[in-house]
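Peer 1: Listed here are the chains, written in short residue letters.
Protein chains: 2
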Amino acid sequence: MLADLDTPCLVLDAVRMRSNIARLKGRLAPLGVALRPHLKTPKCIEMARELMATPQGPATVSTLKEAEQFAAAGVRDILYAVCIAPNKLERASALRAKGVGLMLVVDSIEAARAVANHARAKGDAIPVLIEIDSDGHRSGVQPGDPVLVELGRTLQAGGTVLRGVMTHVGASYDSRGTSALEAIAEQERAAAVRSAEVLRAGGFPCPIVSVGSTPTTHFAKRLDGVTEVRAGVFVFFDLVQAGIGICTANDIALPVLATVIGHQKDKGWILTDGGWMAMSRDRGTAKQAIDWGYGMVCDVAGRPYQDFMMIDASQEDGILALREGSKASLPDLRVGSQVRVLSNHACATGAQHDRYHVVDGGPAVVAEWPRFGGW
Amino acid sequence: MLADLDTPCLVLDAVRMRSNIARLKGRLAPLGVALRPHLKTPKCIEMARELMATPQGPATVSTLKEAEQFAAAGVRDILYAVCIAPNKLERASALRAKGVGLMLVVDSIEAARAVANHARAKGDAIPVLIEIDSDGHRSGVQPGDPVLVELGRTLQAGGTVLRGVMTHVGASYDSRGTSALEAIAEQERAAAVRSAEVLRAGGFPCPIVSVGSTPTTHFAKRLDGVTEVRAGVFVFFDLVQAGIGICTANDIALPVLATVIGHQKDKGWILTDGGWMAMSRDRGTAKQAIDWGYGMVCDVAGRPYQDFMMIDASQEDGILALREGSKASLPDLRVGSQVRVLSNHACATGAQHDRYHVVDGGPAVVAEWPRFGGW
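Those sequence lines, one after another, are chains A and B.
Numbering follows our numbering, in which position 178 of the first sequence is assigned residue number 214; successive positions increment by one, without gaps.
Numbering follows our numbering, in which position 36 of the second sequence is assigned residue number 72; successive positions increment by one, without gaps.
If we strip away everything but chain A, and leave its shape as in the complex, we get (with noise of 0.2 Å):
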């Protein structure tokens, strides 16, 4: 039951995370696109099984550790969706070697040869995907920049393959409203297609085209020469995300489990021991509409409280009071009494934590799934 757990904890509703992933999934069915999950947000294989179209995959990681641990469970087909750096190649490979389809990124000629002389040296023929910078956010390549081609020769050179294009448009996390999460999914799209269409000139066949980012999955009317689409945090969904509007906090899978200690009644603080190291120090809805502080506060069945929100924390400590200048009223909670919390950013505040407690829309803890960190 979760009134045995100790507190703080991560409570997995598994009744939101089979429906979030039923929504994103038949979403994506009649646009004829793959999902290629993003597993960075769960780390856990359980949650890896109820995300994939097989056991097999196909998964995407953001770290080597994470396709070592799935590939230890039996997924085959992973894409390592980060710049590879050099050093990191000799793991790749060991990898490879088990009979693991890693698939590796680039976005420069440097890496490119990097990949190209390692894969070379180890008669590996390393499956590669160029990076798109289809934002301005982070890295990738211009969207069809002519040296698209040239890192194709220095890669086949070198005897890797190289698979297609990948890109991300963070930007999308700071688009509001349906056109305008419509048209970025449509730059997300053009940039690949253009991409991957400059490649295929350049007798480059491209057989992968993939986008993503929860948004855009979410928001994007048509996916042609789209061959497969990654998104993570949908599977949990968080405050950020229904700040953008992709969902609502009913909709929120992944709530701490925290436990009142104390209050400060002339101020209207209910301390709990939920502090910032239980949900992470992202403060992602600062920048958004309605700032949740450190997450908006349920009670233990998860129904919201009105305007009650996590409005500082400490290492071990986490402040509750009503948003400021709300009318509702404070709720009566006592010392040992247990409320739920939902956070900014599922992803930052599942890696803190080592396990999930599954419940089923009930208050019985269902199944303990555990989730792995570190590199």
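In short, the hints are calculated from the structure, not lab data.
It is possible that some hints are incorrect.
Identical copies carry no separate label here, and so any pair may be met within one copy or between two of them.
[Claimed, not checked] Dumping the calculated SDA-like pairs for lysine to any residue here, alpha-carbon to alpha-carbon at most 25 Å:
1) Lys-101 with His-393
2) Lys-101 with Met-37
3) Lys-323 with Ala-337
4) Lys-323 with Ser-350
5) Lys-101 with Gly-410
6) Lys-61 with Gly-110
7) Lys-101 with Val-394
8) Lys-101 with Asp-42
9) Lys-101 with Pro-406
10) Lys-158 with Glu-126
11) Lys-257 with Ser-373
What you are looking at is a predicted structure, and each value in this text was computed from that prediction instead of being measured.
Dock chain B against the given chain A, drawing on the hints supplied.
Peer 2: Relative to chain A, chain B alone:
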């Protein structure tokens, strides 16, 4: 060697760590108070032994997991310095039954009753400190409040032992300049001492008067009436502490080692494999005079580059750039080069990792020390 490490990872500069410890111990000796180091920062037994006066303690912790881990390594004098949740009392008593001198904290009649009832039921004379609110920032009883005596009576009625008072002046993090820091240290001292006097007048001896925060332990001019100080982050220091003026960048002992994975030359960006997962989401310097983004960037030997900072982060990508308006030139860092990034908040950054790679001033890794997380 550092060059052989899988990045991102934590480097612990043992020379700086030992100098930071020696500095604080040298400060406290003439003031006649003991150090009860806060082990929530390192979460590592090897570091605990560097910090504690004896292998048995004294020590401060912020979770029962920390208490259990350090107790398993022989620590016996432990203060769990967060107000106790009633559902944690069984676990606390289980540790005490093994001979660990674990002390708990309360700040309300409600919690005091729960501890007293538990103590009576278990026949466990749990020693308890009362938390004092010295700055209005978190939990605690108002300094000198008559409820202190009532708390003492409630605790002793159940067979627990009131051992004294403790306070932490988190407001010290917002203080700047020697006189302000001395004043906030005196505010912390006075709040604790006055509360102990009220308790003594009510018939409670109060042998422990415990204060502490890294800024105040470094600036207190006198500590009359105080028996011990608690501090944690000083062992590593970080950019927030440098911003307050407690240390310089050259004292910071816990850089994150990261590897360059690409460039966006038009923008003057260098990308690394150290994103927010490696640094934490802590943006503590955002509220200070000099905002370092996610970190200050140094070369692999630890020398800071001029005006070079981590301006943004994805989960596993760091973006390095010169500070806006800087006349310095961008370091020539090829793909595969390593950098050290000093973080905003060592407690948060440390928690993202499971081990320390210890260096002794040079490029050789002389030890690997595990650290734990969780609750």
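Peer 1: Give a verdict on every hint.
Peer 2: Hint check results:
Proximity of Lys-101 to His-393 under the C-alpha cut-off of 25 Å is found in both arrangements, the shortest distances being 23 Å within a copy and 18 Å between copies. Within a single copy, Lys-101 and Met-37 get their C-alpha atoms only as close as 32 Å, which misses the 25 Å cut-off; across copies the closest is 21 Å, which meets it. In this assembly of identical chains, the alpha carbons of Lys-323 and Ala-337 never lie at most 25 Å apart, being 29 Å within a copy and 36 Å across copies at closest. Taking identical chains as interchangeable, the C-alpha atoms of Lys-323 and Ser-350 lie at most 25 Å apart whether they share a chain (21 Å) or sit on different chains (16 Å).
Within a single copy, Lys-101 and Gly-410 get their C-alpha atoms as close as 7 Å, and across copies as close as 20 Å, so both meet the 25 Å cut-off. Taking identical chains as interchangeable, the C-alpha atoms of Lys-61 and Gly-110 lie at most 25 Å apart only when both belong to the same chain, with a minimum of 22 Å there against 53 Å between chains. In this assembly of identical chains, Lys-101 and Val-394 lie within 25 Å of each other by CA distance both inside one copy and across copies; the values are 24 Å within and 22 Å between. With identical chains, the CA atoms of Lys-101 and Asp-42 are at most 25 Å apart between copies only, with a shortest distance of 10 Å across copies and 28 Å within one.
Both within a single protomer and between protomers do Lys-101 and Pro-406 lie at most 25 Å apart by alpha-carbon distance, with minima of 15 Å and 17 Å respectively. Only within a single protomer do Lys-158 and Glu-126 lie at most 25 Å apart by alpha-carbon distance; the minimum there is 9 Å, versus 56 Å between protomers. When the C-alpha separation of Lys-257 and Ser-373 is checked against a cutoff of 25 Å, the pair qualifies neither within a copy, at 45 Å, nor between copies, at 42 Å.
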